[in-house]
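Colleague: Put the two chains together into one complex, using the hints given.
Taken in sequence, the protein lines are chains A and B.
Under this note's numbering, think of the first position of the first sequence as 1, with each following residue one higher.
Under this note's numbering, think of the first position of the second sequence as 167, with each following residue one higher.
Honestly, the hints are just simulated from the structure, not real lab data.
Heads up, a few of these hints could be off.
Computed Cβ-Cβ distance ranges for the label pairs, DEER-style [what the hints assert, rightly or not]:
#, chain 1, residue 1, chain 2, residue 2, range
1, B, Ala364, A, Ile124, 43 to 49 Å
2, B, Gln751, A, Ala151, 26 to 32 Å
3, B, Lys286, A, Lys13, 17 to 23 Å
Far from chain A, some chain B residues (derived; all Cβ distances over 10 Å) [stated by the list, open to error]:
#, residue
4, Glu207
5, Pro243
6, Glu282
7, Asp368
8, Gly442
9, Glu478
10, Glu671
11, Arg708
12, Gln751
13, Lys761
14, Gly767
Even for Gly, the Cβ is constructed at its ideal location relative to N, Cα and C.
Residue strings, one per chain:
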Amino acid sequence: MSTQSPSKVDFAKVDEIIQSCGAKKSNVIAILQKVQATFRYLPEDALTYIGTKIEGLSPATVYGIATFYNQFSLNPKGKYEIKVCDGTACHVRGSMPLLNALKAKLNLKDGKFTTDDMLFSVDIVSCLGACGLSPVIVVNGKVHPKMTTDALNTVIDVLLQKERGE
Amino acid sequence: MTVIQDKQAEAKKNIEAQGTRVLVCAGTGCVACGALEIIDELKAKGVNVSTIQSQKMTVVTTGCHGFCEQGVMILIPDLGINYVKVQKEDVDDIIESLRTGKPVERLLYVDPKTNEKIEKREEINFYKKQKRTSLINVGQINAEELNDAIAFRGYEALEKVLNKMTPDEVVKEVTDSGLRGRGGGGFPTGKKWMFTRAAQGDKKYVICNADEGDPGAFMDGSLMEGDPHRLLEGMAIAAYAVGSDEAYIYVRAEYPLSIRRLKIAIKQAEEAGLLGKNILGKGFNFEIHIKEGAGAFVCGEETALIASIEGERGMPRPKPPFPANKGLFGKPTLINNVETYANVPGILLNGSGWFASFGTGTSKGTKTFALTGDINNTGLIEVPMGTTLREIVFDIGGGLRGGKKFKAAQIGGPSGGCLTEEHLDLPLDYENLCNAGAMVGSGGLVIMSEDTCIVEIARFFASFTQRESCGKCVPCREGTKQILNILERFVAGKGEMKDLDTLEELAIAVKDGSLCGLGKTAPNPVLSTLKYFRDEYIAHIRDKRCPAGVCTAMKKIVITDKCIGCTKCARTCPVNAISGNVKEQHTIDQTKCIKCEACIGVCPVKAIVKE
Numbered sequence: 001m002s003t004q005s006p007s008k009v010d011f012a013k014v015d016e017i018i019q020s021c022g023a024k025k026s027n028v029i030a031i032l033q034k035v036q037a038t039f040r041y042l043p044e045d046a047l048t049y050i051g052t053k054i055e056g057l058s059p060a061t062v063y064g065i066a067t068f069y070n071q072f073s074l075n076p077k078g079k080y081e082i083k084v085c086d087g088t089a090c091h092v093r094g095s096m097p098l099l100n101a102l103k104a105k106l107n108l109k110d111g112k113f114t115t116d117d118m119l120f121s122v123d124i125v126s127c128l129g130a131c132g133l134s135p136v137i138v139v140n141g142k143v144h145p146k147m148t149t150d151a152l153n154t155v156i157d158v159l160l161q162k163e164r165g166e
Numbered sequence: 167m168t169v170i171q172d173k174q175a176e177a178k179k180n181i182e183a184q185g186t187r188v189l190v191c192a193g194t195g196c197v198a199c200g201a202l203e204i205i206d207e208l209k210a211k212g213v214n215v216s217t218i219q220s221q222k223m224t225v226v227t228t229g230c231h232g233f234c235e236q237g238v239m240i241l242i243p244d245l246g247i248n249y250v251k252v253q254k255e256d257v258d259d260i261i262e263s264l265r266t267g268k269p270v271e272r273l274l275y276v277d278p279k280t281n282e283k284i285e286k287r288e289e290i291n292f293y294k295k296q297k298r299t300s301l302i303n304v305g306q307i308n309a310e311e312l313n314d315a316i317a318f319r320g321y322e323a324l325e326k327v328l329n330k331m332t333p334d335e336v337v338k339e340v341t342d343s344g345l346r347g348r349g350g351g352g353f354p355t356g357k358k359w360m361f362t363r364a365a366q367g368d369k370k371y372v373i374c375n376a377d378e379g380d381p382g383a384f385m386d387g388s389l390m391e392g393d394p395h396r397l398l399e400g401m402a403i404a405a406y407a408v409g410s411d412e413a414y415i416y417v418r419a420e421y422p423l424s425i426r427r428l429k430i431a432i433k434q435a436e437e438a439g440l441l442g443k444n445i446l447g448k449g450f451n452f453e454i455h456i457k458e459g460a461g462a463f464v465c466g467e468e469t470a471l472i473a474s475i476e477g478e479r480g481m482p483r484p485k486p487p488f489p490a491n492k493g494l495f496g497k498p499t500l501i502n503n504v505e506t507y508a509n510v511p512g513i514l515l516n517g518s519g520w521f522a523s524f525g526t527g528t529s530k531g532t533k534t535f536a537l538t539g540d541i542n543n544t545g546l547i548e549v550p551m552g553t554t555l556r557e558i559v560f561d562i563g564g565g566l567r568g569g570k571k572f573k574a575a576q577i578g579g580p581s582g583g584c585l586t587e588e589h590l591d592l593p594l595d596y597e598n599l600c601n602a603g604a605m606v607g608s609g610g611l612v613i614m615s616e617d618t619c620i621v622e623i624a625r626f627f628a629s630f631t632q633r634e635s636c637g638k639c640v641p642c643r644e645g646t647k648q649i650l651n652i653l654e655r656f657v658a659g660k661g662e663m664k665d666l667d668t669l670e671e672l673a674i675a676v677k678d679g680s681l682c683g684l685g686k687t688a689p690n691p692v693l694s695t696l697k698y699f700r701d702e703y704i705a706h707i708r709d710k711r712c713p714a715g716v717c718t719a720m721k722k723i724v725i726t727d728k729c730i731g732c733t734k735c736a737r738t739c740p741v742n743a744i745s746g747n748v749k750e751q752h753t754i755d756q757t758k759c760i761k762c763e764a765c766i767g768v769c770p771v772k773a774i775v776k777e
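Excised from the complex, chain B in its bound form (with noise of 0.2 Å):
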């Protein structure tokens, strides 16, 4: 038996001895929804390796489940039964269900189209049509348990990797994957690995991009709490390829669990030597340091990010000379994706061929997507790359809330475009995003319907690029803020019809003319949308009007005489300009009013309308 085996096979052992495993997810967001109080609760209550009548069972605290829309949500594999919506109060309903092996009715997951409840996760259609590889074990281990991570195949491939194979080997593998950086750009993995490996230097560094700064995803920050193993084994097979023994991970400050989980991790894998000096024996030294950024998007560019470890401000440089050959300390480095380095363990184990058997022609393998906005089913999924939006949108995400009409998706973040209801049947690869004028991005998928006003969408994406641009190069810093100042105009009802011309203008000058891919992309939410909904931009500049009713300048929000005078309205108006006399029709002031719109919330009789 390897080491690795003997560990596993102990590590099994271990698990089974906790008999029936509850696994409570304890992702940023089911943090915030009062996971940790339910876990605490449930150990107060005896489920803690320890036994309730004659029955052994244990919580774990795992990574995301991924159905953020539904949590607290709580996964007992051994009974298949799956809860949705927990509450700290629930929790003797459910070791009672625990003891006679009955669900809790009342927390079993409701099929809305159906009104059927789901007992088991797998039949839910959220989880139907995904498929997991890199994040296979996030939800399924406690990610502050290096026994978890062991005992569900961790450091496998690590292993197989020191005892079998040249570094030669392990590029060709990874390259015959087809395997493409999951970040964004989507370069071919096995290449870089390729360059790095090449580079003459007898120092080389190997860094994680973990500086997930684009709005609306979490699909890194998920992997990092969920899995943090994994990511380390990752990164130390790249060490191994391209012959580096020193690695950084760039963390986003913004995800304060992810950091403390890593810590622990890189500390767990030292003891157990698999990090550190001589790992499992093969006299491979790799010892991995952690680098929190301090809120710049900008450091997402791998040479901005070289430079913000060093400790510089985080400005991009021109490439070439590539990282590959000149990289950080000026040394060769390597620099990938946290989902990426999350991908290379499961390539090892199952072979190039394995991961090629998903996906489309040039993008193989799954990817994972950060699914948020105006869905009835948020949070994190993976599916085969190829899958079409309308499947992700509908299947998957069980369509839009309030059934609404489908508008637009925003994929790729700030550097991505709108995809709309014309290409609901696309299938998403790196292709064909691109020629849609969007690109895989990260992997942020933000659904809108058709109460998303897209012009001031496009508008909130040039000032989230035009803020973080870097100022380094003309075009970016210039351009940007030209963007933004027409696309204010617009949302405060004063464009003209001449703007669109120079808008269109101004944004071609700051693709071609930017230095770093943040300039390059940053156009993409105007191209797009201009591309696809150039009414809309028409009816806010001749017009005047929004038609999806958001835009502040335009909209005036009234009291109808539907208004029973109950004084809800009046009470919480945070401005005071909401009057009446109870029992009669309220009033607003329009010059104090600042369309929070937190009125037309609290009316009971929905007597408040935007008009």
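Chain A with its partners taken away, still in its complex shape (with noise of 0.2 Å):
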């Protein structure tokens, strides 16, 4: 399943959380929104303690709930997650363009989206609802609206400034 070996999961934590939800099959999309939201992936290990704790469920049909939805990744995230929006309408306006620069500022080559020191991900979705000011991205849930490759580039630069201060 995913590429990286998963650090250990905090059963204690899947299970808390399965305990909010209530533990039933049709609450199984919220439990692994709230697991990966808190792993910030969808570890392998808890996909199959998910499905081996709740009734009617099963370790591949998680699996396949997992896979199917866009939201899920089951490779771990960087720390920065950037969605670039390739809605429409931000597409007309030059997104692809934007991802491009994006991925050779970044580094990231041959369908690589996470970058080597986990500290930036990047991700193509399909509409974000900010449609009135495209191209727009967003990086860890805050929206950066009439984007340009100068202004990517410098949204960049002040994030890894903000690493290196730290």
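Modeller: Written out as structure tokens, the structure reads:
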């Protein structure tokens, strides 16, 4: 499943999440969302665990659900999750040149979407609903409107400086 | 006085006590432009039910004002002043203008054609031709305050229904209004309600489809952010009509603000006895749950959405049985879209005749559109059905950016089609759009100029639907893949003329053979562009040329002799493809260039061009 060997999963945390959502099959998406919010990705062990804990589910069905929905990632994400919106409006106003420049800037090649130092990961998303301000990117939930390659470089540089300063 | 009349009188008093209301847009767009900082600053400086030099004024955090292009927007209804492009630094001047009643000149909207400053919102072209019915309160009220919703007639329709109407009368009123599903299909809403009402079963569900997955559409999101109570009220009326006591709102996870506001609204409505047990003392019980989606476009299809709520992979199933008979957890289920429900309170309050007075013969009422792309006035609009594309693009939208030529309008997202110049005077309604090979869809309207490559856009939509195909049925799973392969060859300059026929054949096969709406409509962008822009396809295939200069495989970026050697481009290039000495003409290493066009943007003398 995942390419990186995951650090040990704290099952007590997973249990807590299952309890808070309710151990019901119809809550499995909500449970996976909370697991991903906690671990920043879905560790394989957690999927198996959920599949055995809840009645009506199996590890295979949970894996099936986790790979079906775009929101879920089986690979660890970077500290800064950058979402490049490629909805129609953003696409028409140049989201692809932005993505190319971003990947070049972060040295992401050959289908890689997370930097080696685990600082940045890049995702393409379909629409964030800020079409009036296209093209937009979102860094850890903060929307940056009307992006240009120049502005994008600045956003990354600021984050890099912050990281080096810490 | 009835319960709601009582509450309304009190709510209005509360609003009056706020003095001058300063409505600050806090839709997703304006928040990205710093609306929240402006609101904090206004509050910190005293515009918070406090008194500045004996004047009362209150800052109100509202939903989307619509004119996203001009964000952050502020409206002061009492003074009739509308501010655009407001920044945090402008707060002092705005407070001064509140005191004196004289507008801050530099923050007024300037009409680009006449260069005239316009003070009143309703005199701006963008707003003139609009008719807001479902969005009537969006931007007028604080979406997080039940008081505001009540003061603006919220829950009045629900009380009227519970006090005076039988469920059958409600269904009849909605049927008579001519309301049709606003999510895309355009199925008559009244009929859907009638089927669900007639279905046998002790337990029935109501679902709101808020999985607005069309890229380039944000109408439903804005509605939920700006007036969540209207949606809840519409759903409660629907539940009463069909005989349900439990509902789900399925919201896409990409809309965190919508989810937050809906949760707040549900809690408030429950506390006020407008949701929950024995609503308004009339013995009607109704509870609403929120389900967050997880990013799958196919979940916009009703049976896939139901599967997703049940905790399955969001895959559609064949119909019949229709959800009205066998839906969520096998029970009869009514499923409508956000905008459809939002139209319901207005219909019950003002009568079906009022609603039917807008629109065309077969398409009644108003429709929201998300107006985006290469257009001057991007934003959220609501117009009567039957408004022409020309009115939307040129009157409301203010024409194309930089005075460019109109090329096409993509309507209905990945399921829709392209409209061209010949359709500019076509009244937009369900039938006309269907005949033109497009569809109303949820209302995404992306305007494209001569700078957009149609073949690339067709590839873009094909890659979207291919990615989002759930994989259940073969025509969609394999067909969209092959369509995408062919289109990718075209944009890479590797197409052959015979591919055109194969593409058309494939598109028709996918359209006819697919199980659900996703596959049935996925070929629409291809078919409609093939119909109206065949020349452009041929240019890509035969001449290996992209007329719009977009397709990277056929594009070269070069520096002309206008270059002054300022080195700006070389420093900007993310891949260090540009070299040259200071004050001498620079050159681009074509083997390194990724065609991101960053250099074009920074060149002060426009010396870098696309070839």
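Colleague: Each of the hints needs a verdict: does it hold here or not?
Modeller: Evaluated hints:
1. Restraint check, Ala364(B) to Ile124(A): a C-beta distance of roughly 45 Å satisfies the suggested window 43 to 49 Å.
2. Judged by the Cβ atoms, the range 26 to 32 Å given for Gln751(B) and Ala151(A) holds: they are separated by roughly 27 Å.
3. Between Lys286(B) and Lys13(A) the beta carbon distance is about 55 Å. The supplied range of 17 to 23 Å is therefore violated.
4. Glu207(B), annotated as away from the interface, keeps every beta carbon of chain A farther than 10 Å; the closest lies near 19 Å.
5. With a minimum CB-CB distance of about 22 Å to chain A, Pro243(B) clears the 10 Å threshold, and the non-interface call stands.
6. Every C-beta of chain A lies more than 10 Å from that of Glu282(B), the closest at about 23 Å, which supports listing it as non-interface.
7. Asp368(B), annotated as away from the interface, keeps every beta carbon of chain A farther than 10 Å; the closest lies near 20 Å.
8. With 10 Å as the threshold on Cβ separation, the claim that Gly442(B) sits away from chain A holds: the shortest Cβ distance comes to roughly 20 Å.
9. Distance to chain A contradicts Glu478(B) as a non-interface residue, since its nearest Cβ pair spans about 7 Å, not more than 10 Å.
10. The non-interface label for Glu671(B) is consistent with chain A: the shortest C-beta to C-beta separation is roughly 26 Å, beyond 10 Å.
11. Every CB of chain A lies more than 10 Å from the CB of Arg708(B), the least distance being 25 Å, so the non-interface label holds.
12. In this structure Gln751(B) is separated from chain A by more than 10 Å, as the shortest Cβ-Cβ distance comes to about 22 Å.
13. Separation of Lys761(B) from chain A is inadequate, the least Cβ-Cβ distance of about 7 Å not exceeding the 10 Å criterion.
14. For Gly767(B), the non-interface assignment is contradicted: its Cβ lies about 6 Å from the closest Cβ of chain A, within the 10 Å cut-off.
In this structure, the hints that do not hold are numbers 3, 9, 13 and 14, in rising order.
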